[in-house]
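Asker: Each chain, written out:
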Amino acid sequence: MARFKKAGGRTVPGINTGSMSDIIFMFLFFFMVITTIRSSTLLVKIAPPKASEVQKLEKKSLVSFIYIGKPIKAALGTESRIQLNDSYATVGLIQAFVVAEKQSRNEFDRKVLTTSLKVDAETKMGIVTDVKQELRKAGAYKINYSTHKRDAYTTR
Amino acid sequence: MLKRTPELNTASMADISFLLLTFFLLTSSIDTDQGITRKLPPPQPKDQKSIDIKDRNVLKVLVNKSDNLLVQGKPTNIRELKETAKLFLANPGRRSDYPEMEEKIIPGLGKITVSKGVISLKNDRGTSYDTYIQVQNELTAAINELRNELSKQRFGVAFKDLKNPGYIDAISKAVPVSISEAEPENIGGN
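Respectively, the protein sequence lines represent chains C and E. As numbered in the numbering used here, residues 90 to 245 make up the first sequence, in order. As numbered in the numbering used here, residues 671 to 860 make up the second sequence, in order.
Keep in mind that the hints were calculated from the coordinates and are not lab data. Every residue, glycine too, gets a C-beta built ideally from N, C-alpha and C. Hints are not guaranteed to be accurate.
[Claimed, not checked] Below, a list of computed lysine to aspartate or glutamate pairs in the DMTMM-like style, where the Cα atoms sit at most 20 Å apart:
#, chain 1, residue 1, chain 2, residue 2
1, E, K830, C, D240
2, E, K744, E, D725
3, E, K756, E, E770
4, E, K716, C, E223
5, C, K213, E, D737
[Stated by the list, open to error] These stretches of chain E come out as covered by chain C in the derived footprint (C-beta under 8 Å, 3 or more residues):
#, region
6, 687–695
7, 797–807
[What the hints assert, rightly or not] Example chain C residues on the side facing chain E (calculated, C-beta under 8 Å, incomplete):
#, residue
8, K213
9, L224
10, Y230
From just these sequences and the hints, can you work out the full model?
Answerer: Set out below in structure tokens:
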């Protein structure tokens, strides 16, 4: 007689997880491409202002950052401070910073180097003006005031 | 008979890639770098004489330390600034108290009238950065809109959709970013 039942009974086949890793890798690459890793940890609190006429910064490698805002550590007071790379700086150090940033790029990129000013909305213009004057002296003319995007005012 | 290689166990692969994924998610931040782009003027030589610009060619914008706006001596709301700046730069009625218009020949556009108007922006050291950016934003908006109008009229597309670098250059020359920031002065107090 024919045997109708296999020994050991019926088992549900396991789900093939072979392609799972491929899917996750796809996710991973997607995130790696669209995100930027912040090279320096922020020492100042920055909530940038909002503006409607924003332009995107094209090449990340050709941008150097200057942060201005209130220190995160409350012990350092509420006076706005400048952050270059990983430490607090004074206005006088900006020219040296620009020179160093230029030196780390190749010959062709130096002319198109942009300085992005990441400044907290509550900062007073005095310190920003000082920084701008130093940038002019250092020959870093292309600047970008970092902002978030908002809608334009509606015209009546 | 061929010796068969045993299959690799890939079950843990997904776990490893998940780990990598979470690591990247945590360490990275999706902050798109965007903002208002400006070009600073080169430093002023010490012996430079002041250039005479006719009074009608200058739109004076002042921001004081309490973030109030003064345009041509009149207190103004920030929402009106864009229209004021557009009217000033375009001078559609060719009014005699508005800036002079200059005939220029620009490659790609031919003969065109270019405004001689300059927006002079001056702020106090105590002005908040937010207000300063809002003012810059409105002035940029005025210039962008004028560029758009000219671009639509000549090439049929908005300025930001122009692809030909020659056209972009021509429009940029016809409507220049004529915003001049005053040299900072040390005024008492803050």
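Asker: Run every hint past the structure and note whether it holds.
Answerer: For each hint, the structure was consulted:
1. E/K830 / C/D240: With a Cα-Cα distance of about 17 Å, the restraint between E/K830 and C/D240 holds, given a limit of 20 Å.
2. E/K744 / E/D725: Holds: E/K744 and E/D725 sit about 16 Å apart, inside 20 Å.
3. E/K756 / E/E770: 14 Å, holds
4. E/K716 / C/E223: 16 Å, holds
5. C/K213 / E/D737: Holds, at roughly 10 Å.
6. 687–695: Holds: 6 residues of the region 687–695 of chain E have a Cβ under 8 Å from chain C.
7. 797–807: It holds: at least three residues are needed, and the region 797–807 of chain E offers 9 whose Cβ sits within less than 8 Å of chain C.
8. K213: Cβ of C/K213 sits 6 Å from chain E, so the hint holds.
9. L224: 6 Å, holds
10. Y230: With a minimum Cβ separation of about 5 Å from chain E (threshold 8 Å), the hint on C/Y230 holds.
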